[in-house]
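Asker: As they're listed, the protein sequences go chains A and B. Numbered by our numbering, the letters in the first sequence go through residues 1 to 286 in order. Numbered by our numbering, the letters in the second sequence go through residues 1001 to 1346 in order.
FYI, nobody ran anything at the bench for these hints, they're computed from the structure. Be a bit skeptical, because a hint or two may be false.
Using 30 Å as the maximum straight-line C-alpha spacing, the simulated BS3-like pairs for lysine-lysine come out as follows [said to hold, decoys possible]:
{"hint": "1", "chain 1": "B", "residue 1": "K1100", "chain 2": "A", "residue 2": "K124"}
{"hint": "2", "chain 1": "A", "residue 1": "K124", "chain 2": "B", "residue 2": "K1234"}
{"hint": "3", "chain 1": "A", "residue 1": "K98", "chain 2": "A", "residue 2": "K278"}
{"hint": "4", "chain 1": "B", "residue 1": "K1341", "chain 2": "B", "residue 2": "K1195"}
{"hint": "5", "chain 1": "B", "residue 1": "K1066", "chain 2": "B", "residue 2": "K1195"}
{"hint": "6", "chain 1": "A", "residue 1": "K278", "chain 2": "A", "residue 2": "K199"}
{"hint": "7", "chain 1": "B", "residue 1": "K1157", "chain 2": "B", "residue 2": "K1341"}
{"hint": "8", "chain 1": "A", "residue 1": "K124", "chain 2": "A", "residue 2": "K244"}
{"hint": "9", "chain 1": "B", "residue 1": "K1341", "chain 2": "B", "residue 2": "K1066"}
{"hint": "10", "chain 1": "B", "residue 1": "K1086", "chain 2": "B", "residue 2": "K1066"}
{"hint": "11", "chain 1": "A", "residue 1": "K98", "chain 2": "B", "residue 2": "K1086"}
{"hint": "12", "chain 1": "B", "residue 1": "K1100", "chain 2": "A", "residue 2": "K244"}
{"hint": "13", "chain 1": "B", "residue 1": "K1234", "chain 2": "B", "residue 2": "K1086"}
{"hint": "14", "chain 1": "A", "residue 1": "K199", "chain 2": "B", "residue 2": "K1337"}
{"hint": "15", "chain 1": "B", "residue 1": "K1337", "chain 2": "B", "residue 2": "K1066"}
{"hint": "16", "chain 1": "B", "residue 1": "K1337", "chain 2": "B", "residue 2": "K1086"}
{"hint": "17", "chain 1": "B", "residue 1": "K1260", "chain 2": "B", "residue 2": "K1066"}
{"hint": "18", "chain 1": "B", "residue 1": "K1100", "chain 2": "B", "residue 2": "K1263"}
{"hint": "19", "chain 1": "B", "residue 1": "K1341", "chain 2": "A", "residue 2": "K244"}
{"hint": "20", "chain 1": "B", "residue 1": "K1157", "chain 2": "A", "residue 2": "K244"}
{"hint": "21", "chain 1": "B", "residue 1": "K1260", "chain 2": "A", "residue 2": "K244"}
{"hint": "22", "chain 1": "B", "residue 1": "K1066", "chain 2": "A", "residue 2": "K244"}
{"hint": "23", "chain 1": "A", "residue 1": "K124", "chain 2": "B", "residue 2": "K1277"}
{"hint": "24", "chain 1": "B", "residue 1": "K1195", "chain 2": "A", "residue 2": "K244"}
Facing chain A, from chain B, some residues (calculated, C-beta under 10 Å) [unchecked claim]:
{"hint": "25", "residue": "Y1062"}
{"hint": "26", "residue": "L1094"}
{"hint": "27", "residue": "S1202"}
{"hint": "28", "residue": "R1204"}
{"hint": "29", "residue": "G1302"}
{"hint": "30", "residue": "Q1333"}
{"hint": "31", "residue": "E1340"}
Computed from a predicted structure; not experimentally measured. We put the beta carbon where it would ideally sit given N, CA and C, even for glycine.
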Amino acid sequence: MMRSIKQQPFRAAVLVLVWGWLLFLVLAPNMLVVGASVMTRNPSTFISLPLNLEAYRQLFNPLYLDVFLHSLYMAALTTLICLLIGYPFAWALSRVEKNRQMLLIFLLIVPFWTNSLVRTYALKLILATNGLLNSALMSLGVIDEPAQLLYTEGAVIVGLVYLLLPFMILPLYSVFEDLRQDVLLASHDLGAGRLATFKNVVVPLTLPGVLAGVMLVLLPAMGLFFVPDILGGSRNLLVGNVIKNQFLDARNWPFGAAASIVLTLTMALLMFAHRLSKRRLGEEGA
Amino acid sequence: MKKLALAGMLALGLTGCSSDDPQVLNLYNWSEYMPQEVLTRFEDETGIKVVYTTYDSNEAMYARLKLLDDSAAYDLAVPSTYYVSKMRNEGLLLPIDQSKISGFDQLDPELTGLDIDPSNQYSVPYLWGTTGIGVDTADVTGEPVTAWADLWDERFKGKVNLTNDMREVFHMSLRVLGYPGNSTDPQQIEEAYEKLTELMPSVRTFNSDAPRMPFLEGEADVGMIWNGEAVMGKESMEALEYVYPEEGVIAWLDSFVIPKNAKNPEAAHQFISFVLKPEIAALISEDIGYATPVLSARELLGDEVAGDRASYPTAEDMVNAEFQTDIGDEALQVYAKYWEKLKSGL
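Kindly generate the complete structure, drawing on both the sequences and the hints.
Answerer: Shown next, in the form of structure tokens:
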């Protein structure tokens, strides 16, 4: 490994770039957030000394616990729906002909080229009372009066699923790609039925992808504050909304920072669990 | 709207690259609060390029300017009422040289020399307006809506719009209870919160991007709206009426200020003078529906605008009207706590 780095200046440059990126754009800002979270709130300078853990104590206020749990519920529901759609989708994707696969993945990624905020506004136009969906259903005679779709919890979930689904599909697709056909054939040869094969072979082998997908969906789902703002009519708060409110409206930076640290730590915990499970699976495989 | 804010940021990013531009004015303003025509005419007349960026709350604007860093170096901003005094006291503003502002003497004396800036050393009034009740008269039948308290009516379940503004929503609830809209008494604030929880099942959405939109989209039939938004909304929806509630509207005055880290205060002075020109002030008032403080401009307004009570209220409409004041940091925390409690519906 070391030798190859010396031999390839390009690779060294990439490593420097990646490490520089991580240090200055990931580690340093996060350290600033950690710093802000242990400072004291100050009305005129936002934050000041002395250092204390007051902001973290405030997090234990039952109100914020409730917001966190509600947020977790919305995010978990989003993740579950993404998984239910994404799992069969990824499986099917891995089964189509190679050339077409590339095209389908391309189509999956294309929406990313448009800013997610703009796409959320587009969803709003579709879901509004006199929006596309309602007018279509009414002209088809399915409903007589426009249904209230926008500014509901359902609209927020739809928005979150729409924005985050690709993050579930891509890691699942990569595990399904590695799932070798002969493993399944072997399972059948050894007398396992379809269900048993799925339960005992497919699920364990794709579990790392499931976990990766869950991680990539669950935490962003708690932070995408503009989705409840636009589609939920600024109701149905997520943790991301609380953080935004604390920074802008209440001007309580230490508290906002502490809330964001807790979110990051939850993420770290999940990643740790993911690694543990991967290692365990790896050992079983060996 | 946020879309516009986004476009503004994009414009900022694009022009940020070319440093050989002769002159640039960085204008930081509320969304949908300046007709494009005014900017174009200013650019044509002076050759100064306007980079227009928007915000949707005083809090957002304040948080951005407070940092005083280069990424937020605006030459002009438009804070509401008490934010002028707040920013002035915190030394965030540059003094405005009145000798460079032509048309200052044309301003309504009732809107200059206010407590927020007694000698207008730091601020020049841009527009003023009110937050009252919007009613979609096509969908609202029965008793007419005349008071904030009517929003609590059973018939508006799921059809009420509120502004996404903590102070305004509490102001409204405090007035319904007969308390001052700028209360700092935790007991009264809590009561206002309790009262608002009863309203929550009726609330369809909170909107401070463009409060007319929920009405136009058909989501809301009644609720809080800014007077100019009601005027703009009426253009595409005849049935939208603006009502001055009995308990009193929330009044505000938005003023031009020059932030301390402005790079081109000279252009800022030029822009203020330009906007105070009677024909420009009249154009703005006609286009976005808020009232101009430039007296000589009011004579240029068409009867339709000057006679529109939504834009230019009568003395009777303004009975019980209250300006928002700085409530101090301690009370702000109390409001913030109940605001989040209210929004999370817990």
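Asker: Look at each hint and say if it fits the structure.
Answerer: A quick look at each hint next to the structure:
1. Of the supplied pair hints, the one linking K1100(B) and K124(A) is violated, its CA atoms being roughly 46 Å apart against a limit of 30 Å.
2. Between K124(A) and K1234(B), the direct Cα distance comes to roughly 22 Å. Compliance with the 30 Å bound is thereby established for this hinted pair.
3. A threshold of 30 Å between alpha carbons decides the hint, and for K98(A) with K278(A) the separation of about 28 Å falls inside it, so the pair holds.
4. Taking the CA atoms of K1341(B) and K1195(B), the gap is about 13 Å. The hint holds against a cut of 30 Å.
5. Proposed proximity of K1066(B) and K1195(B) is contradicted: the alpha carbons are some 34 Å apart, above 30 Å.
6. A threshold of 30 Å between alpha carbons decides the hint, and for K278(A) with K199(A) the separation of about 18 Å falls inside it, so the pair holds.
7. This hinted pair checks out: K1157(B) and K1341(B) have alpha carbons roughly 20 Å apart, not beyond 30 Å.
8. Between K124(A) and K244(A) the alpha-carbon distance is near 21 Å, which keeps this suggested pair within the 30 Å criterion.
9. Between K1341(B) and K1066(B), the direct Cα distance comes to roughly 27 Å. Compliance with the 30 Å bound is thereby established for this hinted pair.
10. Among the hinted pairs, K1086(B) with K1066(B) is consistent with the structure: their alpha-carbon atoms are about 11 Å apart, no more than 30 Å.
11. Taken as a hint, the K98(A) and K1086(B) pair is broken in the structure, with Cα atoms around 63 Å apart against an allowance of 30 Å.
12. Note on K1100(B) and K244(A): the hinted pairing is violated, with a Cα-Cα distance of about 39 Å set against a maximum of 30 Å.
13. With a CA separation close to 35 Å, the supplied pair K1234(B) and K1086(B) exceeds the 30 Å bound.
14. This hinted pair does not check out: K199(A) and K1337(B) have alpha carbons roughly 48 Å apart, beyond 30 Å.
15. Between the alpha carbons of K1337(B) and K1066(B) the distance comes to roughly 23 Å, so the proposed pair stays at or under 30 Å and holds.
16. This hinted pair checks out: K1337(B) and K1086(B) have alpha carbons roughly 21 Å apart, not beyond 30 Å.
17. Only pairs whose Cα atoms come within 30 Å are accepted, and K1260(B) paired with K1066(B) is accepted, the gap being roughly 10 Å.
18. Proximity of K1100(B) to K1263(B) is assessed by CA-CA distance (about 17 Å); at most 30 Å being required, the pair is judged to hold.
19. For the given pair, K1341(B) sits about 15 Å from K244(A) by alpha-carbon distance, which is consistent with the 30 Å threshold.
20. A threshold of 30 Å between alpha carbons decides the hint, and for K1157(B) with K244(A) the separation of about 29 Å falls inside it, so the pair holds.
21. For a cut-off of 30 Å, the pair hint linking K1260(B) to K244(A) stands: about 25 Å separates their Cα positions.
22. Of the pairs offered as hints, the one joining K1066(B) and K244(A) holds, with about 16 Å between alpha carbons and a cut-off of 30 Å not exceeded.
23. Taking the CA atoms of K124(A) and K1277(B), the gap is about 40 Å. The hint is violated against a cut of 30 Å.
24. Restraint check: the Cα-Cα separation between K1195(B) and K244(A) comes to about 25 Å, which is no more than 30 Å; the hinted pair holds.
25. Look at Y1062(B): its Cβ gets to within about 8 Å of chain A, closer than 10 Å, so that hint holds up.
26. Because the smallest distance between the Cβ of L1094(B) and any Cβ of chain A comes to about 18 Å, over 10 Å, the interface hint for this residue is violated.
27. The restraint placing S1202(B) at the interface with chain A is violated, with a minimum CB-CB distance near 12 Å, outside the 10 Å limit.
28. For R1204(B), the interface hint holds, since its Cβ comes within 10 Å of a Cβ in chain A; the closest pair sits about 5 Å apart.
29. Below 10 Å, beta-carbon pairs count as interface contacts, and G1302(B) has none with chain A, the closest being about 31 Å; its hint is therefore violated.
30. Below 10 Å, beta-carbon pairs count as interface contacts, and Q1333(B) has one with chain A at about 6 Å; its hint therefore holds.
31. Restraint check, E1340(B) versus chain A: the minimum CB separation of about 6 Å is within 10 Å; hint holds.
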